[in-house]
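Protein chains in written order, with the UniProt record's numbering: chain A, 1 to 84; chain B, 1 to 84.
Calculated directly from the structure, the hints in this document are not laboratory data.
Be aware that a few hints might be false.
Just so you know, same-sequence chains aren't split out, so a pair can sit in one copy or run between any two.
As the list claims (entries may be wrong) - Simulated crosslink set (EDC-like; lysine to aspartate or glutamate; CA at most 20 Å straight-line):
id, residue 1, residue 2
1, K81, D2
2, K84, E32
3, K83, E32
4, K81, D33
5, K83, E58
6, K84, E28
7, K83, E28
8, K83, E57
9, K81, E32
10, K83, D33
11, K27, E58
12, K29, D2
2 protein chains.
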Amino acid sequence: MDANTLGIIAGILTSVAMLPQLIKVLKEKNVEDISWLMSAILITGLSLWVWFGILKEEWSIILSNGFAVLVNLVLLVCLFKFKK
Amino acid sequence: MDANTLGIIAGILTSVAMLPQLIKVLKEKNVEDISWLMSAILITGLSLWVWFGILKEEWSIILSNGFAVLVNLVLLVCLFKFKK
Chain A
1 MDANTLGIIA GILTSVAMLP QLIKVLKEKN VEDISWLMSA ILITGLSLWV WFGILKEEWS
61 IILSNGFAVL VNLVLLVCLF KFKK
Chain B
1 MDANTLGIIA GILTSVAMLP QLIKVLKEKN VEDISWLMSA ILITGLSLWV WFGILKEEWS
61 IILSNGFAVL VNLVLLVCLF KFKK
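Okay, chain A solo, but in the shape it has when bound (with noise of 0.2 Å):
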């Protein structure tokens, strides 16, 4: 496979990974065991990707980095809304 595909695959996957833990807490409700800690880090590092992409003016690491902050933060909002 040449690097540009792979690049590509890793990217989709590496940003969509969050979506089944979120659909998971939007459907069960419950949180208690996920790290608000470990969204929060992932928040604040994957837009700081975004803004790597805007400096490198690269659509791809800005969509796919735009779209896992999206799904974190929503992931973070349910994480307080959410807590017991």
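Please build the complex by placing chain B on the supplied structure of chain A, with the hints as guidance.
Just chain B now, with coordinates in the frame of chain A:
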């Protein structure tokens, strides 16, 4: 901030993000709310990033994603080990 520094900080943050989750799991041994599918997709995606790094001969990509693969592999093992 220049793009290279930004990329390094972003890479460190997204690589270590899962550490607080792993520490929480190792301490509390509760994993019911965590999605194993999230963990599995993440490991696949991160491994492809390592492969991408090898093709591009980019040590920063190999090391940061390699570290994240390790953390997520230990997490995935814990998810099955501590499952009730």
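Hints, verified against the model:
no. : hint       : result
1   : K81 to D2  : neither (43 Å within a copy, 37 Å between copies)
2   : K84 to E32 : both (8 Å within a copy, 15 Å between copies)
3   : K83 to E32 : both (7 Å within a copy, 15 Å between copies)
4   : K81 to D33 : both (14 Å within a copy, 15 Å between copies)
5   : K83 to E58 : neither (37 Å within a copy, 41 Å between copies)
6   : K84 to E28 : both (13 Å within a copy, 16 Å between copies)
7   : K83 to E28 : both (12 Å within a copy, 16 Å between copies)
8   : K83 to E57 : neither (39 Å within a copy, 44 Å between copies)
9   : K81 to E32 : both (11 Å within a copy, 18 Å between copies)
10  : K83 to D33 : both (10 Å within a copy, 12 Å between copies)
11  : K27 to E58 : neither (35 Å within a copy, 40 Å between copies)
12  : K29 to D2  : neither (41 Å within a copy, 41 Å between copies)
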